[in-house]
Amino acid sequence: MAQFNRKSTLRNLTVNDAMRRQIIQLDQAKTIDLGINVLIKYKVNALLTVNSQGNPVGVVSKTDVMGAYYAGLPVESPLEYIMVSPPLFCRSGDSLETALEQMRTSGVYRLYVAGNESGDLVGALAYPDIVGMLYQYCHQCEYSHLKTTRQGNKDDSVGRFNVREVMTPSVKSIGTGETLNTVMEALSAFRFGAMLVTDENDQPRGVISKTDLALNYKHGVDPEVSASTVMNEPVSTCDADSLLEEAIKKMTMADIHRLFVYAGETSNIVGVLSLSDAARVRSGSCYACVSSRIKVDDHD
Amino acid sequence: MKTTAVDIMTTDFSTLLPQTPVIDAIRIFQESFNQQGRRLFGMIVSNEDQHLVGMLSMYDILLYLRPKHIHVWGSMEDLEIAGVIDAAGNRIKSILVGDIMTPDVVTVGPNANLMMVLDTMIKKHVRRLPVVEEQRIIGIVYISDLFRQLLEGISD
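Those protein sequences? They're chains A and C, same order as listed.
Position 104 of the first sequence, counted from 1, bears residue number 104 in my numbering, the numbering being contiguous throughout.
Position 61 of the second sequence, counted from 1, bears residue number 61 in my numbering, the numbering being contiguous throughout.
In case anyone wonders, no lab produced these hints; they're calculated from the structure.
A hint or two may mislead.
Under the rule of at most 27 Å between Cα atoms (straight-line distance), these lysine-lysine pairs were calculated in the DSS-like manner [to be verified]:
1) Lys93/C - Lys43/A
2) Lys172/A - Lys93/C
3) Lys93/C - Lys41/A
4) Lys172/A - Lys250/A
Label pairs and their in silico Cβ distance ranges [what the hints assert, rightly or not]:
5) Ser170/A - Leu17/C: 42 to 52 Å
6) Leu79/C - Pro234/A: 16 to 26 Å
7) Ser106/A - Thr10/C: 46 to 56 Å
8) Gly115/A - Gln149/C: 41 to 51 Å
9) Ser52/A - Leu17/C: 23 to 33 Å
10) Ser170/A - Asp12/C: 55 to 65 Å
11) Leu63/C - Thr179/A: 26 to 36 Å
The beta carbon of each residue, even a glycine, is placed where N, CA and C say it ideally should be.
Full structure from sequences and hints, please.
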């Protein structure tokens, strides 16, 4: 893990500083069922597929799994039916900026990392890891909200981001009576990672994420069942006026990628905040180091 | 002299089905803490035909409990453990054994020589090996039984 003891900016960091060394991979001949086990067990959004010689041949993401569910593909089908080829690579010595630019232009959220000299597969670089690193940096900063409050420093003069400034201020929702197939169509059309489920009075009732859909696919749930039968309750929320830092903490502790944001009444959902929204504003939690941040595009 | 896996394996073991909720598996682990005898660290997962499909260990459950990005808050002293457990407890409700079990399980045949059993345990870093005959599980060899058998008499 990178050391943040220098005054310099994150611009000087390389892929090697942010990547994960554990590479989640499976033979392309293994089943989608097994692939879902691996995605759930290791809490990753995608896995690398390899051929019988162990060479990387493709990537299977939760989006691809959802596509298979929607298409009615048997869950015992091999991963090679749904993988996207080829996997994209960057070098461990590339700057983070370069790798992020490559992700942006290729429209992917994950790159596999080849060693600078050997060219061997040495790691994986994914958006959540970069976001995590930004916040680690933020947490260790002398202006950290947690540090200043612990030291009893009431005069906290550093301007801090609140959730409202960073959230995506529009939320798409789906009715409790809609089918999982409809949920999947909406997730695909809006390129979202999860949908809010609301009842006939527009009250938020639950959430269905791509992870939930992958699980339902594995469990053999008919995609024509209604959203209300499989949604997660209650909806994880935060106040629009709360500090961004607190919201990030809530997400990392609960292992969730997004919070629905309310204003006033908890049922008055006015936006959604994802871990990558937080990075998109080029900041951790306060204005102090805005210019030092790298830019990460929104995704989920 | 006992020389093969079948000679020292235990035939009294509980199994889980892949479609069993993880919550039920957690309960079995918890109940085993209150019982005398061997501590339970992992359970075999088999289908209706008693074919081995995986293993669910305490480690698998703890892996799922751990927040993935916990390192972000690694230096926090006032980490609220109760909050983490509550969130994980809510998440785990819809998870089945088959979702988080380890599917690739190292096994041995009933006639495997005890030295080969020892070699396999060391190389694969495992402490228990299911004994499989014609795809069916007939027993488990535990490292403690292997230790007892191989080192019997050595300290006399």
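Comparing the hints with the structure gives:
1. The straight-line distance between the Cα atoms of Lys93/C and Lys43/A is roughly 16 Å, inside the 27 Å bound, and the hint therefore holds.
2. For the suggested pair Lys172/A and Lys93/C, the alpha carbons sit about 26 Å apart, so the restraint of at most 27 Å is met.
3. Among the hinted pairs, Lys93/C with Lys41/A is consistent with the structure: their alpha-carbon atoms are about 15 Å apart, no more than 27 Å.
4. In summary, the hint linking Lys172/A to Lys250/A is supported, as the alpha carbons are separated by about 22 Å, within the 27 Å threshold.
5. Against the hinted window of 42 to 52 Å, the Cβ-Cβ separation of Ser170/A and Leu17/C comes to about 44 Å, which satisfies the hint.
6. The hinted range of 16 to 26 Å is satisfied by Leu79/C and Pro234/A, whose Cβ atoms lie roughly 23 Å apart.
7. Between Ser106/A and Thr10/C the beta carbons are some 53 Å apart, a value that agrees with the proposed interval 46 to 56 Å.
8. The hint said 41 to 51 Å for the Cβ distance between Gly115/A and Gln149/C, and at roughly 45 Å that hint holds.
9. Taken as a hint, the range 23 to 33 Å holds for the pair Ser52/A and Leu17/C, whose Cβ atoms sit roughly 31 Å apart.
10. For Ser170/A and Asp12/C, the Cβ-Cβ distance of about 59 Å falls inside the hinted range of 55 to 65 Å, so the restraint holds.
11. Take Leu63/C and Thr179/A: their Cβ atoms lie about 33 Å apart, and the range 26 to 36 Å holds.
Checked against the numbered hints above, the structure breaks none of them.
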